[in-house]
Structure formats: C-alpha cells, structure tokens
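Trainee: Protein sequences, first through last, are from chains A and B.
Residue 380 in this note's numbering sits at position 380 of the first sequence, with consecutive numbering throughout.
Residue 1376 in this note's numbering sits at position 376 of the second sequence, with consecutive numbering throughout.
Simulated from the structure, these hints should not be mistaken for lab results.
To be clear about the criterion: a stretch of chain B counts as covered by chain A if any three or more of its residues have a C-beta under 8 angstroms from a C-beta of chain A, and this derived list gives those stretches:
{"#": "1", "segment": "1116-1128"}
{"#": "2", "segment": "1170-1180"}
{"#": "3", "segment": "1185-1197"}
{"#": "4", "segment": "1210-1223"}
{"#": "5", "segment": "1291-1299"}
Even for Gly, the Cβ is constructed at its ideal location relative to N, Cα and C.
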Amino acid sequence: MKPAAASSSQRGHDPRWAEAATVAALFAIDPGGTQGVSLRALAGPVRDRWLELLRRLMPAEAPLRRVPLHITDGNLLGGLDLAATLQAGRPVAGRGVLAEAHGGAVLLAMAERLPGGTAARLAAVLDHGEVRVERDGFASRSEASLGVVALDEGIEEDERPPEALLDRLSFLLDLTGIAARDAEDLPIDAREIAAARALLPTVDLPDEVLTAICTTAMALGVHSARAPLLALRVARASAALDGRTTVSEEDASLAARLVLAPRATQVPASEDETEDAPPEEPDQPDQQASEEDQPQPEPPPEQPDEDTGSDRPLDDVVLEAAKAAIPEGLLAKLMEGLGNRSRAAAQGRAGAMQTGGTRGRPAGVRRGEPKAGARLNVIETLRAAAPWQPLRRQARLGGAASDTRVEVRKDDMRVNRIKRRSQTATIFVVDASGSAAFQRLAEAKGAVELLLADCYVRRDQVALIAFRRQEAELLLPPTRSLVRAKRSLSELPGGGGTPLAAGLDAAAALADSLSRKGVTPTVVLLTDGRANVSRDGTKGRGGKADDDAADAAKTLRAQGTRALLVDTSAQPTDSARRIAGDMGALYIPLPYADANRLSNVVRAATAKGESATR
Amino acid sequence: MPDTNLDAGAGLPLDATSPGTSMELAPAFPSSAPGTVVPLPVRHAAKPDGGKKRKPDKAAKAASPPVPSPAPASGAAKRIPFPFTAIVGQEEMKLALLIAAVDQSVGGVMVFGDRGTGKSTAVRALAALLPPMKAVEGCRYGCDPAQADRLCAECRARQGHEALRAVKVPVPVVDLPLGATEDRVVGALDLERALTKGEKGFEPGLLARAHRGFLYIDEVNLLEDHLVDLLLDVAASGENVVEREGLSIRHPAKFVLIGSGNPEEGELRPQLLDRFGLSVEVKTPTVLHDRIEVIRRRDSFERDPAAFAAHWEKEEAKIRRKIEKAKARLPDIVVPDTVLESAARLCMTLGADGLRGELTLMRAARALAGLEGDKVVTDAHLRAVAPPSLRHRLRRNVLDEAGSTVRIERALAEQFGP
Chain A
1 MKPAAASSSQ RGHDPRWAEA ATVAALFAID PGGTQGVSLR ALAGPVRDRW
51 LELLRRLMPA EAPLRRVPLH ITDGNLLGGL DLAATLQAGR PVAGRGVLAE
101 AHGGAVLLAM AERLPGGTAA RLAAVLDHGE VRVERDGFAS RSEASLGVVA
151 LDEGIEEDER PPEALLDRLS FLLDLTGIAA RDAEDLPIDA REIAAARALL
201 PTVDLPDEVL TAICTTAMAL GVHSARAPLL ALRVARASAA LDGRTTVSEE
251 DASLAARLVL APRATQVPAS EDETEDAPPE EPDQPDQQAS EEDQPQPEPP
301 PEQPDEDTGS DRPLDDVVLE AAKAAIPEGL LAKLMEGLGN RSRAAAQGRA
351 GAMQTGGTRG RPAGVRRGEP KAGARLNVIE TLRAAAPWQP LRRQARLGGA
401 ASDTRVEVRK DDMRVNRIKR RSQTATIFVV DASGSAAFQR LAEAKGAVEL
451 LLADCYVRRD QVALIAFRRQ EAELLLPPTR SLVRAKRSLS ELPGGGGTPL
501 AAGLDAAAAL ADSLSRKGVT PTVVLLTDGR ANVSRDGTKG RGGKADDDAA
551 DAAKTLRAQG TRALLVDTSA QPTDSARRIA GDMGALYIPL PYADANRLSN
601 VVRAATAKGE SATR
Chain B
1001 MPDTNLDAGA GLPLDATSPG TSMELAPAFP SSAPGTVVPL PVRHAAKPDG
1051 GKKRKPDKAA KAASPPVPSP APASGAAKRI PFPFTAIVGQ EEMKLALLIA
1101 AVDQSVGGVM VFGDRGTGKS TAVRALAALL PPMKAVEGCR YGCDPAQADR
1151 LCAECRARQG HEALRAVKVP VPVVDLPLGA TEDRVVGALD LERALTKGEK
1201 GFEPGLLARA HRGFLYIDEV NLLEDHLVDL LLDVAASGEN VVEREGLSIR
1251 HPAKFVLIGS GNPEEGELRP QLLDRFGLSV EVKTPTVLHD RIEVIRRRDS
1301 FERDPAAFAA HWEKEEAKIR RKIEKAKARL PDIVVPDTVL ESAARLCMTL
1351 GADGLRGELT LMRAARALAG LEGDKVVTDA HLRAVAPPSL RHRLRRNVLD
1401 EAGSTVRIER ALAEQFGP
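Using the sequences and the accompanying hints, generate a full structural model.
Mentor: Right, here's the structure in full:
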C-alpha cells in the first residue's frame, strides 16, 4: 500500500487530496522522468499545501525555481550576462532558469496564460533533457533534467496551459473543490522518497504491463505516444515508492488512472452502463472547471483492489482502473461533440501577440537614443561600442591597461526597431436560423469559406459565432488555423428562431475582448435581419426582439467596431438595412454579391482598417 | 545569477562547431544524480586569424575532427540518438529523409504531424546515417575541396600560399533551437575578441555550420518571422551575406532545410512551404501492435541507450551503406523520356504550380531508384515519391474537403491505373 493511500483510508479524508499527495510523491521521485504536473487550482491554501508537500518531498538540494509568466529568453534559457560582462570587460555567459533547475523542477506561474513560444521552449528542454542556447554570441548546451509544475489558474474551460506542454506532463491534477480542512499534511516521509529515488533505476517493468498500458491508452482514445511512455515512468515510480523492483498490476492501474484517464477522448465501448447514465449537469463552478482533461473529482481508490487477485487479463484490469477515473462529464461532452472542440480550443494560439511596450516584431536595430518608447538594445549597443574600447581607453588613460570598464558613448546607442503588425481578427456572425437563412445558409457558408482563404493569406485570425434557436454560440474562438475554421464551419447546423440580439451581443463581447488584447476586430454579420427572439428568449417577430437587436447593434457601433452586414434574404430587406445602420456597418445584399465579390468587399473594408491602425 | 557564471575564459571549450554534437536526442532519464551542477560550457570560438591568413590553429583543428564518428563516442557531453532504423512505421517520412540524404538537391523536407509521433526523433537520427564528406582542413565553413570555384574567401586566400588539405568530416545536421538570436544564426562580430582585444572578427553562426549539411527547425511555425525570412533567403541563394557592425562577410551556406510542425498550431506561409522539396505527414500509428512496439523500443532505449544503439547498429550500418551506394550510383541513373513525360502529365493534371514540382519529382524518383539499386527510373519510382513531392504544391482549395494527398492518389490512379 502506498503511504498516501494508506493514510487516507485510515482517516477518511477527501480521497482526492490523498491522490494529490500520491502525485506529489511520484513526481518527487522522478521529476525529470515524469516531466511534471499541471496543477489546476486557484491560488489558495490547498495549492500552497500541495506545493509545501512537494517541497518537503523533493531532496533538499534539488532546485525549485519559479518562472514568471513573461520571462525573457535570456532569463529562461540563458545568454549574455550584461552586468558581469561589463564588469569583466569580456563576454560572460549567464545561465537561464531552466539550466539552474537541473535535477529539480520549475514552477510556472499562471500557466494557463503561458505564451505558445515559451511552452515550446519548455517542451524542447523536457524532450532533450538539456538546454541548448544559441544566443547573444554564445553557443552552449547544459544538462537540464527537470520537471515542470504548471500552476494553472484557469477558470473557463478553454483557459488551459498550451497543449504542447500538457502533452509532456504526466499528471493533470485538479485541486479545485478540495476543502482546505481536508488538505492536511500527510505522513509521507521524505526518506521514503529518497529510498524510492535510489531504487528507481533498478525497477523492472514486465512486458505485459507495457502491453496493458498501451492497450488502455488506445481504448481510451489517447492519441499521443507520449502518454503511455509517461505512464510507464509513473508505474516505475509507483513500484519504487512501494519498495519493489518489479512493476505490479497495481502500479499499472495507478499510472493508467493518473496519466491516461484524464486524457481520454473516448469511452471504451464495452461498458454500457455509463452510456445510459444521464449527462451530468454541471451545477457547481468547480464541477464546470473539471472538464475532460482534468482528473476526475472522485477517484475510487479501492477500485484496483477489487480487481486484484482476480484472474482477469491485465489489460482489462488496467483499463477498468482508468475507466473508473474518467471525468464524469466526458461522455456527455463527447456525445454533444464538444469534447474535441474544447480540447482544441487552447491550441492555435501559437505566436500570440506580446503585449506591452514591445508589441510588434523586431525588425533589426537602428542607431538612436532610447526615448519616446524606443527600447535600448543593450547587446547591440555593446557590440557597437566594443571595437573602439582600446582606442577610447587609451585616449582616456593614456595607455593604462588596468581599467577594464567599457566606455559607451552616445553614438553607440542602438534601439530596437519594431515593425508593428496590426493584428486583425475577423469575427463571422452567422445567422443559422430557420427563417430566411435556411435557404441561403449554403451560400453564406461559401462566402465565409472564401473569406477564410483570404484571412489565411493575410494571417488574420478568424472566429465564428452562430446564432439560432434561443442563443448565440461561439463555435470557433479566434484562431489562425484554417483546418479548424473549416471543420467548425462544415459542422454548422441550421434551423430554429432568430435571436439576432444574442448574436450581436456575443459579437460585441468577443470584439471587446479582442481589442483589449490589441487585436483589431472586424465583425461580418450574415443575416436577413428578421429578429424573432428577444434577449430574454421570448419568441415573437417585431416588438421586443427588434428593439433588443437594435440595442445590441448600437452597442457594437458605440464600441467602434468595424462591421459589415451581408443581407442573406432573397430580396434586400429594410430590417437588415436598419440593423446595418444601427451597427454603423457596411450593408451588402447577397443577391447582388456572389461569393467572390463579397470577399472583395470584405478585403477592401479590412484593408482600409488596417492602414488606419498603423 | 552572477555567482553561477563562468566567464568565457574558464569555460570548457565547446565543440559547438563539430557537427557531431548536433545530432543527439536525449530522452528524459530518471534523474539519477539530482542537484549535480554542470558547468556551463561556453563557446570558446575557434579562431583562425581572420585578418592575417595563416595556417589554422589548434582550436580550428579540434573543431573539425578528422575522423568521422557516425556513432558518437560515449561521454558526458555526447548523447546517443535513437536509431533511425528502430523507428516503427512512418515509412513516408523515413523515405523522404533518405532521399534528401542521397540527393541534397531535392530540397528540404517538411514534416507535418501530430504530437508525439517522433518527428524530431527521426530527423535527429538521420545524422548517424550520413556518410562522411570531404572538407578543407581547418575551414570554418566546411568548404568542399572538390569544388574549387565554390570556396569561401578564407580558403581562396589560403590557396595562394599552400595546398589545401582535405579531411573527412561528418555531414553536419544542425539543430536550430528555439529562442536562437539572429546573431547566432547568421554570425556576427566576435564579441569576446572585440571586448578583450578591440579587434573586429567574424564569428560564424549556425548557417555556416550547416553548410553542405542539414539545418533542422523544430516547430517551424513558432519561429519568428524575421528569422524565417532570413533563412529562406539564404536557403534560396546558397550564400550568407552578413552586413553588420561594419563587417562585410559573405560565405557559402548551402544546406537542406528540414522543418517539422503541427498544423494545429497554425499554418505555414505558402512561400515557406514552397521552399521544401518534400512534404510528409506523420500520424500516430493506429494499429495496437505498432503502438506497443513504439513504446517498447522507446522504453528499452531509455533504460539503456548504449545497449539499444548497439543492438540496432547492424541495421544502421546497412542503411548507411545503402545511402553511400545510392550516392555513388546517382550520376549514372537514367531518367527515360517516358518517365519525364509522366511527371509532366501528373503535374498538369494536378495543377501543381511551377516547374519546381516536376524537378523535385524527377530528382526524388532518381534518388529512390538509387536507394533501391535500380539503374533506370520507372513509373513505379515516380508513383512512390509523388505524394511527398507534390502534396504541398497543389493550389489550395478551401471548398475541397479532400486533402491534397487524396487528390494526388486519385490522379495517380487515373494515370497509372489502380
């Protein structure tokens, strides 16, 4: 029995906390092998206690470094240490946080907002076990076997660390909803961990365990080949924790539960009792947060014990264990076709813009002083100053060689040149209602697809909102991935009422959040303008529905969002024209605009906007 | 931070210029020795005197070991790469890499694929398969002694005083790490010399190191735009022109660009895609047996890399010989007119833009014939290399749900029969 599980069953605490403690123990045994933990929890006592526990279990000499969200490459990977360089009068390399965390772990603050670039750098280090630096005139490689603890403070479902990072972390742990009083210090002894660490290299893994874990991964629809590999390492660590040198069925089950179950994209077909279960209605915020990639709230720790001793094949035992740990909402989500979407939602954010004073991409340096927002490029400044040092020194001291200070003059100053690429996003708001759009939905889709191709060429982001029945739905969060845009468009269903106000509200909210991020949104609304569902969901043409729509349209205008309304009705209608007027949008009736012309108009409109923002 | 710094003088001389070092792939080992402090190796530049042309000094010699080492020697700094031949499945990717190894003029290889499909593993494993090449001894750019007209300025200058000696060196496979700065990519003023001696000297970058070899960029879509532009420019011209800090240097930089990326992370610019000769797609194996084998090999490699590599060494040697023979055979392989016609017809049917498609198709088919030991290129060769050669050159049709691969298969079936 594992110490964590033992104590929990004796005292009857929250089993999730006991499991969290087991994760801490397994991670502490092999941080470099298990590669890390994604810890979903808001800052608070529970998370603090978990981190304390981890700190206690890790060897005293193992470094535990914090990585701030917007860390620079120089601090993360290493590069020129400017202070030391100036002092020494010759280039001195500085180590980055990752190299310094060798043998230990790094803590990523606010990992749900981690930029894709940083995630990729971490991923490379996790993959290779070393930091490679080609920066600032230095080329180096230093060993860096480390684990990552990603502190995920996301609340919304799509607020998650980048997929590229999650794919490489063994444990996806969710502490949400664990009460602080349950999070007691568990009697896991750091000496046990130390003994397990020593034992780990000798732990043997029977081939049938390997087969069982691979089979389970496949049955659960876990696609990445990394997950089973991580599960094997976790199983080894589990055996070592128990003081054994052979991985047992129990270890394999634990690994499947911790590593594979949270990544499941399908529920194995054999079990029909789960399929009959009614979709779980998430009623608590913490339940909502535990989406399909989070560990399940109630793992039955006795599950593997039940199967132990029975003569069932190992594959089944391991699969059962994992299946029992599949998050509850998964099935419902899969049935709604949401599982994959939310999985993909965090992706496609690669190369997202850097906010702050340095927005835009670097386009070299120029001579100049750091003022009016221009940032000094220290390296280039030093480079410029470097060749003149002996001469200047001579001029100043008359040949005394003892002073090694670098003399920098005004002429040497170099500032970053930044090419500001005005990022634009096109938000398509598609009326998928039954009314008039029904007949023209296909044409509208065609137009959107053409526009998508344009956006792709311009590297614009696109988002897709559809409204029908009672509500508007964000089908595609802003992305650059053409593949995903195409997919969600082809899946767009039609029929139902026309909640135009809801559609416009959703567009306004998205446009607002985009412009806060420094992206210029353009709203392209495809509708016939005949609203018949008001904001509160009541049906009925005219009256309240129209008023609400007009109201929502005016909000968009007040925001100053650039907009375009494509009238999809068979004949140009007044209602659509009126909405366009309220939105301050360009009005284009579709009968006169074939898909090609439409795309030309949008291109012209967005191009105008782009030049304006420069 | 300052207390952990090692200054450049005290650092270990890093064999950064040795191409052998760029080919390792290291799985994360269970950390057996936590907390050991590894001194940061600092690049101690090899300095053949830029200004005065003299014999190469010791550092330069050390930088290009005369003995090729296909299997890297064991040691703390060297990591054993996962053997190429031990990769399960992914035949198209392996074939494309082998073709690029046989005939570099095929152009680069772009590998698209899902996470965890072993894209990087394959590319890094390639280095161990490449037969060594001849290079001018002591040349910082690895000039080819056989091509007197393509020598770098330093070699040309040396030619006046002495006969250039040729040594065998491993073909470089240079890995461009994320976060690399422009100065390290193109090369820049040697900061150390500038700071300590006040001299201007050129410190070659990764492009110089990749000359005559391969430049690998993992996650191409995450590379900064200005670096991408720069790489494309150099890859197209085969020459790196550096104009910075009053330096004006040009040196040959012909390399095969190998990129990998995940289409879900964002698409590649068409201009960039077009520069790759071959484009392959890798998928997670869907057969359980294959997946188990993938994990089994990976696991036993992680447990004991040396033993695993030794186990596969025979296979590796076989492929190495195959590449060597194909390279030697290449000039004599005949491409009949009928095959050229077939290639042209195929490109026309598919509406593949430009002549580049046809040229790649022909070269790739020839390299494949070489690998298979054939003297004449046939339609069968053409057919095998058509998908990777043309996939990325088809005009995008947003409305066509069928991917490029399906369209090519269709055209192939039409032209050559099922």
